[in-house]
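This is what each chain is made of:
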Amino acid sequence: MKKHLKTIKRVTISFVSALVLWQVLCMTLGINENLLPGPLQAWRAFVELCTVGLQGSTSGATLLTHIGDSMWRFVIGYLTSTIVGVSLGLLLGQSQRAFGYVNPVIQVIRPIAPIAWLPFIVLIIGIGDLPAIIIIFIAGFFTVLLSTVSAVKKIDKVYLKVSENFGLTRWQRLSKIVFPAAFPAIASSLHIALGTCWIFLVSGEMVGSQTGLGFLVMDAKNCLRADALIAVIITIGIIGFILDVLVSAFEHKVKELWGLGINE
Amino acid sequence: MSYIEVKNVTIKYDNDTAEPFLALSDVSLNIERGEFICLLGASGCGKTTLLNALAGFEKVTSGSITIDGEPVTKPCINRITIFQNYGLLPWRTVESNVALGLEVLKVSENEQKTRISAALETVGLTKFAQNRPNQLSGGMKQRVAIARALVVNPDIIFMDEPFGALDAITRMKLQEDVRKLCVKEKKTIIFVTHDIEEAVYLSDRIVVLTPNPGRLKGIINISMPQANRERTSTDFIRAREKVFDIFNMGNVDTIEYYI
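Chains as they are written, first to last, in the numbering used here: chain A, -1 to 262; chain B, 4 to 262.
Calculated pairs, EDC-like style, for lysine to aspartate or glutamate (alpha carbon to alpha carbon, straight line, at most 16 Å): (1) K159/A x E61/B; (2) K155/A x E61/B; (3) K10/B x D29/B.
Just some of the chain A residues that point at chain B, by a computed CB distance under 8 Å: (4) V156; (5) Y157; (6) K159; (7) V160; (8) E162; (9) N163; (10) L166; (11) P178; (12) L255.
Non-contacting residues of chain A with respect to chain B, defined by C-beta distances greater than 12 Å in every case (computed): (13) T10; (14) F44; (15) W70; (16) S85; (17) G238.
Derived by calculation from the structure, the hints in this document are not laboratory data.
In this text, a Cβ means the ideal position worked out from N, Cα and C, and glycines have one as well.
All chains, full assembly: derive it from the sequences and hints.
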């Protein structure tokens, strides 16, 4: 309990200081408040976005609707990238040879920013939900795939010997030994991928769609509404933070269940 | 014909250096059903290599190994290996670790329960069925591994320095337990160790191996009855002396049998 109070105290001080610093910067730099709005303008814009939506925008949707659209794309994109990434990773991790053939191509594709594919995607598919989903998929996929492969490779050899000794079938070995043994490392990669996916969701929506938080950023820019822009940016940050806290808790739980956490 | 026959087994490892590493050189050995055999020797003498070959984890370069007349090609559930680092699955409870072999054998839920609780009782861990391996001490973890082996009722149990990571007192306790088990269960046990006392305490016969290259130095019969062994008895000390002798004899390559 004492530890929790300490955390709450630190978080509060951290946020309040950031707000104060922001306000002080606005007042001292003397930049036009339409270009660099202070916390109060941002808050008003936030309320406006929540209640009636961005004034002067082509879309009349409120912030909540945009968040809903974004979250939907995010969940679909993130889930497909992790499911495909983990499944392929488990297969490739067990076959050195197959991975040897696939890896060079992966290493060339991986450093390309997912957003670079966007022109292609938009030209072929058009705008809507799918471009953002595909961008999120690409953003999460390689992290999860490569972490899973390396997690499978790093499995303690004694587990595989036990599996061989007890005569587990290929499928039993995968489900009873390989997957659970690699899962803590996979959970860490799911955590990292979540952050990356959230970042690229916004990039994907900025170009590829007509709704969502990324679209709202562009919309606010087009309406010359710096205050709304900041409100949206902060919203993106806060949701990302909440997602991270949730997945951290999940990761922690996994490590505890797997007998890796501190068990007192 | 013996139960386990090892005939002129040589195992070489091809590494990148010019000379392949000779882990075992021309080892021959017969083992009867129900025997407790210790493979004893310093590190690098090939005792674990020999065990792995017997268990089917390792291929022989030349020579042959047969068990019950059948050549050994791969590990199987009738011959369970127990490892020094336990090989327990940390994400499973003690109970479900023990269940692993039964799941493969497709044993019914009810029978699984009975057999698991019997196995856990044998190793004295009934109270810890719901714990996870990381909540247990090293000695208890090794007991779980033993229970996991016993529950599938194997013909042979291979033990690869199973008590190597345990403290001296726990080790002695487990040695005693294993010896009692062996009297009770009548399994064939092949046990790798570098601890002379452990070998003398447990074995019917000690197979002594020497390194560079790994070869068989001699076989020592321990004539004390399995059911009644005292570490402080004169018989025990005499048997230990025999082992000391064989190690002190220098580099004589002839194989000697002490009876």
